[in-house]
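K.L.:
Chain residues, written in single-letter form:
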Amino acid sequence: MPNVTTSVEDADLRVLGIETSCDETAAAVVAGDRRILAERLLSQLAEHQPYGGIVPEIAARAHLDHLDRLIEEAMAEAGLGFADLHGVAATGGPGLIGGLMVGMTMAKAIAAVHGLPLLAVNHLEGHALSARLTDGTAFPYLLLLVSGGHCQLVIVEAVGRYRRLGTTIDDAIGECFDKAAKMLGLGYPGGPAVERAAADGDAARFALPRPLKGRPGCDFSFSGLKTAVRHTIEALPPGRLSHQDVADLCASFQAAVADSLEDRCGNAIKIFRDRHPEANSLVVAGGVAANGYLRTRLSRLAKASGLDLVAPPQALCTDNAAMIAWAGIERLRAGLTDELDFAAKPRWPLGAAELES
Amino acid sequence: MSVASASRTEPLTVIALPDLAATDRFAGLVAGRARHGDVIGLAGELGTGKTTFARAFIRALAGADEEVPSPTFTLLQTYDSRAGPIYHFDLYRLVAPDEAWELGIEEAFAHGISLIEWPERLGPLLPEDTLCLTLRAAAGGDPNARGVEVSCGPSWRDRMAAVCADMGQADDD
Chain A
452 MPNVTTSVED ADLRVLGIET SCDETAAAVV AGDRRILAER LLSQLAEHQP YGGIVPEIAA
512 RAHLDHLDRL IEEAMAEAGL GFADLHGVAA TGGPGLIGGL MVGMTMAKAI AAVHGLPLLA
572 VNHLEGHALS ARLTDGTAFP YLLLLVSGGH CQLVIVEAVG RYRRLGTTID DAIGECFDKA
632 AKMLGLGYPG GPAVERAAAD GDAARFALPR PLKGRPGCDF SFSGLKTAVR HTIEALPPGR
692 LSHQDVADLC ASFQAAVADS LEDRCGNAIK IFRDRHPEAN SLVVAGGVAA NGYLRTRLSR
752 LAKASGLDLV APPQALCTDN AAMIAWAGIE RLRAGLTDEL DFAAKPRWPL GAAELES
Chain B
46 MSVASASRTE PLTVIALPDL AATDRFAGLV AGRARHGDVI GLAGELGTGK TTFARAFIRA
106 LAGADEEVPS PTFTLLQTYD SRAGPIYHFD LYRLVAPDEA WELGIEEAFA HGISLIEWPE
166 RLGPLLPEDT LCLTLRAAAG GDPNARGVEV SCGPSWRDRM AAVCADMGQA DDD
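Residue numbers (my numbering), protein chains in the order written: chain A, 452 to 808; chain B, 46 to 218.
Chain B with its partners taken away, still in its complex shape (with noise of 0.2 Å):
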């Protein structure tokens, strides 16, 4: 993935998820400790469960009853949560990262949380301090089993060893 530029791999852990549960309790945690600005960039093939980690988050923050649509079609999806408004953007149509500024990612990156599927699409326009999660398709029984590499701009190092060791803590139970 482009995303995961050099600059931004450091440092770079690669997160166990075997199963949905697994998925929804760390997208759980990251929205738990996520706040107004953050950029929260989603990559993987098709079919890897970014649209699935973006909907166990908004619902963590919105309310588990939150309608949470895949944004293909529409290419960004709003919600109001009680960390502020959250901008849902899927760029699997973009081209040209400068298509984005019609989607209003300026006003997203300032008001609200934004999480992004697709993000090497933004280019250059994606902000040096992204959350960027990598999700990949894992060996095992369960066709949801799931790794997700993990690289942070400075703002989220502190925010996401918190989160690794919640997720640690929670294996061990």
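If we strip away everything but chain A, and leave its shape as in the complex, we get (with noise of 0.2 Å):
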């Protein structure tokens, strides 16, 4: 195991962070003090726009054939070479296995030729610790997740130690608006959509239900919610839906998910406030953030709660490498380095990760 470089000061760490756990291939060098020295980023969403989706072996063959490059590029920016780095660090997990094995095998390439600590992070785990790149925010704080394929409460205490409240327990809330967005026969990806057609909309004319409201605990549920929208739609008269028609739909999902977001949020943070009664943010973070209309409804709901409400800049709220490189400084600093076998997983819940507490 490479020596963990003790003597240079924290806000002197340089950190290399590689992502391509999912349809985005990312590259970032960032700073102990927080700074990223440099961001690139290759969105594959334009070539996977025509699909309505994401396509896995267009992923993995683009992040092979983009990842060198974007890291040099990273590093020109930055000004360093890899031998000015103290550690490189690229999500272990979880994400699609040959998109992981990509940016894994390049970060344990370049960490084993220059004799610098691996970090695997869990792509949860950057998440959860961007808010600390972007704002600061000190621990303990109550974390919403919300993207395209994961939806969790948890609560982050530490470096390493998370406890989930609760997660989806079928759809991911950014699957839920995608779907939503395929059914009503608007584009990819399906939360701008949705949020675009909502604003002519209106909320009060569809009944939809509002998932597990009034229940106890902190997980979701959209599956539920996802065929309702389907039922609404076979309601309607046949033919082709009214531009009205899909306004008000959107616009009524919308303030269905909100208020399922909101009544779960509202549980978390009394859970949040009996364990930390000193603590004060809740640190929303994932693509679905970028919704202002839920953004406005979480927002309201922090105030309430004598909570600030965390979103940092969309670039950072989506996947993203500046958020890898980051959590890899945060384990640097809690000595938690990974050996050259580490081996991508697929599956990792963020709750596993207490473990190594």
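Be aware that a few hints might be false.
What the hints assert, rightly or not - Footprint (simulated), chain A over chain B, 3 or more residues, beta carbon under 8 Å:
#, region
1, 84 to 95
2, 121 to 128
Claimed, not checked - Heads up, simulated SDA-like pairs for lysine to any residue below, C-alpha to C-alpha not over 20 Å straight-line:
#, chain 1, residue 1, chain 2, residue 2
3, A, K633, A, H694
4, A, K664, A, A706
5, A, K633, B, V140
6, A, K633, B, E165
7, A, K664, B, P188
Derived by calculation from the structure, the hints in this document are not laboratory data. Every residue, glycine too, gets a C-beta built ideally from N, C-alpha and C.
Both chains come to you apart, so use the hints to assemble them.
P.N.:
If you want it as structure tokens, here you go:
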């Protein structure tokens, strides 16, 4: 195991981060004083758009084709050589195995050649810690992670100490947006399309379920809401949906999602407050945090509960490499480095990280 | 559904699943007869309960507490079960069948039980001896009521006849 440089001042730490777990190929260099020295991101969204989703074969090939160049550019922009780094971080899971292996293998190669510590970062941990990069948020805080593949409420107590309060028992929230958009003939990704359409809509026109609202606990469920959208569309007169039908259904759908989120977050806030009366932050991360309507509703909830809503800027809310590099810095400081035989994990719940503490 | 091609549809049975409890029971009965090397396709439109069936199937073999998230985003989730590994695929986002190689379908077909949502996306790569279940919304008061069309390859015929018999008996109770 390479020696972790302890003589370097915290602020001078430099870590390269690599993210290839899903549809973005990204590399970034981040400093210990929270500066993002360089960032390169290639979104494969344009490649995926015609297909309404992610095409894994294309994704893995694109990671492989572009990662070298993105790392080279990021290092050049940061003005660093590999020997100037203090560690190499890459997403080790969860995600698509092909993409994960491309990123991990690259990180291992750089670490091995330059004698640097390897940091295998859980993608969810990257999201969980991103508010500390952007806003310097102090532990502990309550995290709502809402994205295409995840919907979780987690108390972030320290690096490697995550207490999951709830998760989706079926579909993730972003997936629900995507599928509702698909049924309504809107584009991909579904979140922005639904939000745009909902702007002219009447949220009271369609009565949709508020999944799990009023029930104890902090789990989420969106599968029933998806089915209800399908039923609602089928109950409308046959033929092409009118602009107003789509707008009203989008607005009704968004309101149902927000009510459900608010209810589940409310329960989580009570638990969080009981355990950490001194804490004051609700962090929302993940691509769905870009939805302005949901953000407004969450902001209101946080305020009513005496918490500050912290939402990292959009570019750092969606998948990116800066958050992976930052999680690498946090793990390096905590002495949590990984061996070169680390195997990528397509399935890696964040709760498992509790075992490390 | 393109999967329910003529070669695989004989004999075709439709089983009524009037509520979620019936879906759970049906999934449990199929799981109880599933074995190493089986491929089960789950077809049907968005929101017809493909993942719900898969969840009940996986829990019947891997334990009631097993978390079974939708695999739409990850494309594949794997589970250890008392019947060996279970590979839960969601091919919703695939365009060309060849893309499934990336997900390791060969390994799954050879080493475990494969549950495949949107199996039509596999095209000719779907094995002949597949159990294909096509879920459709059914009329009636319960929004979770479904009808499931069963078509299967040779190794499934006796097993599905037994499952149908068991479902019938459960209805009589």
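K.L.:
Can you list which hints this structure breaks, lowest number first?
P.N.:
Hints that this structure does not satisfy do not exist here, as all of them hold.
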